[in-house]
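**Q** What follows is each chain in one-letter form.
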Amino acid sequence: MKRSLGVCYYPEHWPEDQWPDDAARMVSAGISRVRIGEFAWGLIEPKPGVMDWGWLDRAIDVLADAGLEVILGTPTATPPRWMLDRHPDMLAVDATGHPRRFGSRRHYCFSHAGYRAEAARITEAMARRYGRDGRIIAWQTDNEYGCHDTVLSYSPAALSAFRNWLAQQYQSPEALNRAWGNVFWSMAYDSFDQIGLPNLTVTEPNPAHAFDFRRFSSEQVVAFNRMQVGILRRHTAAPLTHNYMGREVAFDHFAVGADLDIASWDSYPIGFLSDRIEASDNHKRHYLRQGDPDMQALHHDLYRAVGRGRWWVMEQQPGPVNWAPWNPAPLPGMVRLWTWEAFAHGAETVTYFRWRQAPFAQEQMHAGLLFPDSSDAPGLAEAAQVATELKAMPDVAPTRAPVALVFDYASAWAWQVQPQGADFDYFRMVLCWYRAARELGLSLDILPPDTNDLSDYAVVLMPGLAQLSAPMLAALESYEGRALVGPRSNAKGAGMATPVPLPPNLPGMDLRVSAVESLPPGVAEPLSGGGTIVHWREHLDGAADILETDAAGAPLIARMGALTYLGGWPDDTALRRLIAAACTEQGIAADPLPDGLRLRDTGSHRFAFNYGKTPVTWEGQVLPAAGVAWRAL
Amino acid sequence: MKRSLGVCYYPEHWPEDQWPDDAARMVSAGISRVRIGEFAWGLIEPKPGVMDWGWLDRAIDVLADAGLEVILGTPTATPPRWMLDRHPDMLAVDATGHPRRFGSRRHYCFSHAGYRAEAARITEAMARRYGRDGRIIAWQTDNEYGCHDTVLSYSPAALSAFRNWLAQQYQSPEALNRAWGNVFWSMAYDSFDQIGLPNLTVTEPNPAHAFDFRRFSSEQVVAFNRMQVGILRRHTAAPLTHNYMGREVAFDHFAVGADLDIASWDSYPIGFLSDRIEASDNHKRHYLRQGDPDMQALHHDLYRAVGRGRWWVMEQQPGPVNWAPWNPAPLPGMVRLWTWEAFAHGAETVTYFRWRQAPFAQEQMHAGLLFPDSSDAPGLAEAAQVATELKAMPDVAPTRAPVALVFDYASAWAWQVQPQGADFDYFRMVLCWYRAARELGLSLDILPPDTNDLSDYAVVLMPGLAQLSAPMLAALESYEGRALVGPRSNAKGAGMATPVPLPPNLPGMDLRVSAVESLPPGVAEPLSGGGTIVHWREHLDGAADILETDAAGAPLIARMGALTYLGGWPDDTALRRLIAAACTEQGIAADPLPDGLRLRDTGSHRFAFNYGKTPVTWEGQVLPAAGVAWRAL
Amino acid sequence: MKRSLGVCYYPEHWPEDQWPDDAARMVSAGISRVRIGEFAWGLIEPKPGVMDWGWLDRAIDVLADAGLEVILGTPTATPPRWMLDRHPDMLAVDATGHPRRFGSRRHYCFSHAGYRAEAARITEAMARRYGRDGRIIAWQTDNEYGCHDTVLSYSPAALSAFRNWLAQQYQSPEALNRAWGNVFWSMAYDSFDQIGLPNLTVTEPNPAHAFDFRRFSSEQVVAFNRMQVGILRRHTAAPLTHNYMGREVAFDHFAVGADLDIASWDSYPIGFLSDRIEASDNHKRHYLRQGDPDMQALHHDLYRAVGRGRWWVMEQQPGPVNWAPWNPAPLPGMVRLWTWEAFAHGAETVTYFRWRQAPFAQEQMHAGLLFPDSSDAPGLAEAAQVATELKAMPDVAPTRAPVALVFDYASAWAWQVQPQGADFDYFRMVLCWYRAARELGLSLDILPPDTNDLSDYAVVLMPGLAQLSAPMLAALESYEGRALVGPRSNAKGAGMATPVPLPPNLPGMDLRVSAVESLPPGVAEPLSGGGTIVHWREHLDGAADILETDAAGAPLIARMGALTYLGGWPDDTALRRLIAAACTEQGIAADPLPDGLRLRDTGSHRFAFNYGKTPVTWEGQVLPAAGVAWRAL
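Protein chains in written order, with UniProt numbering: chain A, 1 to 633; chain B, 1 to 633; chain C, 1 to 633.
These are computed hints drawn from the structure, not numbers from a lab. Note that the structure is predicted; figures quoted are calculated from it, not measured. Incorrect hints may have been included.
For chains that are exact copies, the list does not tell them apart, and a pair is met inside one copy or across any two.
Said to hold, decoys possible - Straight-line C-alpha distance at most 20 angstroms; calculated SDA-like pairs for lysine to any residue:
hint: 1; residue 1: Lys613; residue 2: Gly627
hint: 2; residue 1: Lys2; residue 2: Arg178
hint: 3; residue 1: Lys47; residue 2: Gly627
hint: 4; residue 1: Lys284; residue 2: Leu547
hint: 5; residue 1: Lys391; residue 2: Ala24
hint: 6; residue 1: Lys284; residue 2: Ala381
hint: 7; residue 1: Lys47; residue 2: Glu363
hint: 8; residue 1: Lys47; residue 2: Ser4
hint: 9; residue 1: Lys284; residue 2: Gly49
hint: 10; residue 1: Lys284; residue 2: Leu331
hint: 11; residue 1: Lys47; residue 2: Asn164
hint: 12; residue 1: Lys47; residue 2: Asp190
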């Protein structure tokens, strides 16, 4: 397969006579795909039931005539204002009880049946019109589910749906009371209709209550997407995708992805560094114009898993954005670097967001490949360079990485519901583990939590999985590589309860976590092998071999056979040491890289990326800041 | 009297066949008392009016048969879900107007007459059934009044009750307008029905309005408790208690305590350090696993005063808890230390919370004396050690301390209503004074604000009393020891007004505070005698002797006879110096102790406690970290 | 004209028999003016329609008989409680939807027609009674419009008025949709009645929507004030004023001021330093008791512009206040310094707030010239000293400053609506520029954004003007001095849209800002001429001369003729350098002053003020801390 470049385009924003020139310039820059339509409901259906397909027909004509392949989005993230007249209660409600009003986007509650029917109606209409059109090479459902904290809704519609969901899950209030432990604090319910949403309680709600609401809410997203998929499948054979947002963990992307053909995600490295990465001020200043060197790669690997091998970057940051607390410009070369990094991780397509910077509305400060005056922005030349480079090299071959990391959305919910330490966060921990492995030059695959076979991986990383699935437990039983497991692994049973016997209950491993501790910032406990434990530590006992202890000799890391259990959150030094040791034992090279350098192996090439601000030497060649290099393997 | 150990137990959480073994293990650990029932309303009355006493009868049988004395709690902190169907408006309302919903605990408004009647009904039912049962050796009313910020409610019920309360207090709107100074900003009312609660005003409400709401709210708690006491007294001769929460100052514990026989409090040293102590990061890191060395002792002395000599620790932290921002485990030995410290301050009973860690619901991460798998947690052995040690020594004899500190809940409200400096807090200041005295090896008694005789104390500490009571003023008039008074002393008249003549208006002392200043963090003004003034300073004039000044010669500390007035908030250095000087003058030894060491004298023994992380020498013996020692006096 | 001192007085707070003595003491201190009445609605109209003029008549008699000139305020900032019974929906509503309740002040929505009619009624009544009374030498409308965040209201009344305002502005929904760019995210409206207020949207609202709401809200204030002005003009020939609050930018003071004769403002230097100045902890500690050395002067110059030459300080801080996070007392001499600084900038009158500290209600901790016990507070002697000094010197003559700074309220709204960097603030930037100029000993004039002639100024400073007015563009076209313009200059067209051609579109200057960046704290980019760029930088291209670049040679400062464009936010070092260079080129002396020293030239005198804590030498004489000096020019 040939890798390709794309761009997000909004023909409805520009005079129709500008479209042909735009299309021609895209093509001449080496762009072959264009995503359109995903916010255009108000243009397609300006009044209820009155469809205006003309402009969209013509836009597709112009783009396709120029040689571009079209990705068409369903416009359900932006219902028009008249929708509210038909469904005044369709708005999501925030945790303090305020309806989230019209005036931006994503102003709908996933549980609202009326809105879901409207979304089905517009999806059906678009699918009927364009489903068999060969110029549409893929469809995108909605846009960035969950963005702007829109998965959880505390609306009457959500309440009603949640009660039905609970009734389905538990069948009787008695069963629910038992599962949740509602004997505690006299919280038992006599009927499902007595159950509220877990907001605005006097102190924290039952974690089982909160966690079930998280599961329910995720499933509402899955169901909403599945509804669109079902309709589209009836009308089109084109592959279906959704563009997930970075570090959005409020719903299960594996579950949504199972209904789709391709995963895609929206990659904003500099915005994410400012907005959604826990890091020191020094780290943030150092990578100010490059983005965190592991954040994108982690998502690339994650969506390769979500897409079962097929994945894209649907929106690639091309310059400064508008939505982060601070919005600096990328270092020259970074747009190219980000693009190549995606391809090195297996992306089929990288689509820039957006073609021309809009001079109006919310995103007018968000860069495009063109400035608002239609002149070239710096990203355009970098995209064109990638297009040229792509043509000159053979396709990068997919392969399996030697190291795997298990990623689980439900664990993110579990530890949000019950962090136990104010700064404990699942994604944060995963990124720490992933970073440590990458600092050793490793390439990784990400696995879903219900993986039933680990035998292809020499080393498996499993931080913080709240509950191990049956397939995973079975896979661990026969595993012969090295699995690094913990902390908080398998610490939750059904209903967020603490299992008895106590965790981790790993196959064949006699080990017990009797007590846990969260540690405030600034507290670090030395590990006997080097580095420290931060944020979290556990009290271990059992017959497993003790590998490392704290200064007083209390066990912190234990091993039995293939399984090594980490009774704490190791800092970067310790994590690198532990992962390197496991790799060395398995015969995998794992040597620390210079600061800012990252590698990625495909089946055919080794790629090197310099995220640093200064040149770095790799295999004898000097990579400048934002430099990319590769060699055949 | 013999000191005893107890434990909090929830038979309703465990299979009935486990109860006998639990009871036997309690007894074998040296535990003689068990608290039960305080959250069990839903079990006792599973449907409205349908009582199920059987399980509770049997639980009492099992426990008592094992030799345990039972403390029984009224379950009014956790009304069952069906209660809301009967009284949909019983919920407290927060300051932003949101009803505080069902799903945790304490979801009631103290002012709701309907709920108060229900609480009376269940109290009456329990009292009728168990009041004459000699196995119940004490009763606890409700649980932790005020916990989770539940004293102040902005509900319709509270509004109506507040208006009635104001009408009773002031008799006419004109009188209220005069008392509050409502001529200011045209705030006068024509009728009591026009008065709102003091939330959501454009800028701060009249401090008199806010302060009266605080007084009213406190009295609602007193009345709620008194209702239960009145019922219980008709049915039982057993002593009555309530378990107050640490650093809970939203209602007057002296006033609640006046209706009860025993005060008790819930001591969570490590949770408090993380959650409710103003201290440097260094201090918090140093005492991470021990708790603040003075926080517990202050509460012990406070509740000895609230209980008029009779007091318990009703809940003692036995390991990591779940509710603080961070939750580390205690240093080995701290559970023993905390327990002995309570006894040294005169506790009759120390009751651990809880017996077995629950594997479900909100507190599943809260340690018990047993782990969830019923194995021993570390606290159990420490409790058993104390039990053994208790048997081996004669009872500690009560005595009067040489130094007293006056504590006043109304001052806490006054300075919350009108802090004048963003970080000015009454409790914080009291803890600073108390700490300075304890760092000098002193033992203290705490006195209520209406104390009418100070003659037994050589030194009296009186920081920040907003309004001196008539008895206290009379006591000061004839006082012959050394009283350290101020800042902000007697600075408020009725209705939070500034008195004219200006404060402090101390008997026989010609001194005026003309102006006051709050100082931001980082600003410290040198005191001529050493140390600095922080947070607060006053401008003094009058004929009193000036003891100390600032660098420019402006008076900061003045004295006339027994009274020394502090026109500012001295730092720890200055406070220690001032208290030591007063003690020395009165012939009381007051020498700085090594870091982390604290002493407490009973009538018969001197106890020493090492809160530090390293050993410390005391009277020739080495106390290890978490060490406890005592010698006869 | 002779400069005079005044004081704010509340006869209604004090026994009538105290008035004559108060008046006599005012006069003997050299005070000649007294402001009264602005919060007295409840006293004037104790019941709806029942007027009580007697007390006010007598108060005016007493004051005027003592020789004092009276300034009378309309009491519309404090409608009495009975007003709410007539207009329950008159309250403003905050951004989260909560009505802002009775119990303090400013509890009205500017858009509420019913309240506006009541305000007209009381204004008419007062004007009829006192409009022709020669003893009333000026009238003040309302009090501190906007204080306590009261310009923006999200009430039903505001919603309705906003829709009407939009209909008036745009005439058709189609026109509004086009202007706002509502094609974006399908946000188009079919009718004005569908438009909501821009709060509680899912993510940020359209900036055009938010900005129009800011314009609307400002105009509501203007209209409210104009209504009062219209009534007063029919009954009085006395000058009209309003007392603006410091750093209150939510409405256009130039527009309100255009209807009035005199501008006045309320100057609280120490409160402002604590509450509303971005500065380092060091700066705040250094000026703790003096206030920021440029904050007052900036406001003085601003209100001289708003008042078209005629301006007062209506409330001057006389000691510690009550409303800032921390409230220290002024350094001795600062009350005098602040007063003289106002006169040096051209104030006609400086009025202290307040005469006697009230012992009750919200402001009981706010100092006056008297303590609550009627004894002299320190401010009184300093005021009296100024009065004496005033008599001894000839009047300070007004003059034009050599340097002008353009100030624009709409730019403050634009950058609040779209900061792009979390700490980007218009007022903050203006203060930085003003400070840099003042550190060079310069005196400045402030100009409104529609100034059509700059020719009197050798140097003009124009930071961050979102949209340059047509007169300003014309003025720049022919300007022959030195104008320092930028960053973000002319970056917005109508409806907050980005103009195409791209900014700044300055007359005769071939320069384009293609991209912008916001920079987080701690990031500073060196300027080739010295100093750094912080907070903000722009990417420039065009034919203008490049004066300075970053380290990589990218242009940051460009010049063409009179215009120098700054593509970033220079730090203090760079700003001083740039302004000094412009001044030098224009033959204006601009030399750095010692820390804390500030100068101000009138037409006749040069004044020097020492804001520092230590003495400083100026023209051979030593100015002590808080010292003031002057010499004839």
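**Q** Confirm or reject each hint.
**A** Right, here's what the structure says about each hint:
For the homomeric pair Lys613 and Gly627, the shortest alpha-carbon distance inside one copy (10 angstroms) is at most 20 angstroms, but the shortest distance between copies (51 angstroms) is not. In this homomeric assembly, Lys2 and Arg178 never come within 20 angstroms of each other (Cα to Cα): the closest approach is 55 angstroms inside a single copy and 41 angstroms across copies. Within a single copy, Lys47 and Gly627 get their C-alpha atoms no closer than 51 angstroms, and across copies no closer than 71 angstroms, so neither meets the 20 angstroms cut-off. Taking the shortest alpha-carbon separations for Lys284 and Leu547, neither the intra-copy value of 34 angstroms nor the inter-copy value of 31 angstroms comes in at or below 20 angstroms.
Taking the shortest alpha-carbon separations for Lys391 and Ala24, only the intra-copy value of 19 angstroms comes in at or below 20 angstroms, while the best inter-copy value is 80 angstroms. Proximity of Lys284 to Ala381 under the C-alpha cut-off of 20 angstroms is found in neither arrangement, the shortest distances being 27 angstroms within a copy and 48 angstroms between copies. Proximity of Lys47 to Glu363 under the C-alpha cut-off of 20 angstroms is found in neither arrangement, the shortest distances being 25 angstroms within a copy and 53 angstroms between copies. With identical chains, the CA atoms of Lys47 and Ser4 are never at most 20 angstroms apart, being 37 angstroms at best within one copy and 66 angstroms at best between copies.
With identical chains, the CA atoms of Lys284 and Gly49 are never at most 20 angstroms apart, being 50 angstroms at best within one copy and 62 angstroms at best between copies. For the identical chains of this complex, Lys284 and Leu331 are intra-copy neighbours only, at 14 angstroms inside a copy versus 36 angstroms across copies, given an alpha-carbon limit of 20 angstroms. Proximity of Lys47 and Asn164 under a CA criterion of 20 angstroms is satisfied in neither setting, with 34 angstroms inside one chain copy and 23 angstroms between copies. Proximity of Lys47 to Asp190 under the C-alpha cut-off of 20 angstroms is restricted to the inter-copy arrangement: shortest distance 9 angstroms between copies versus 46 angstroms within a copy.
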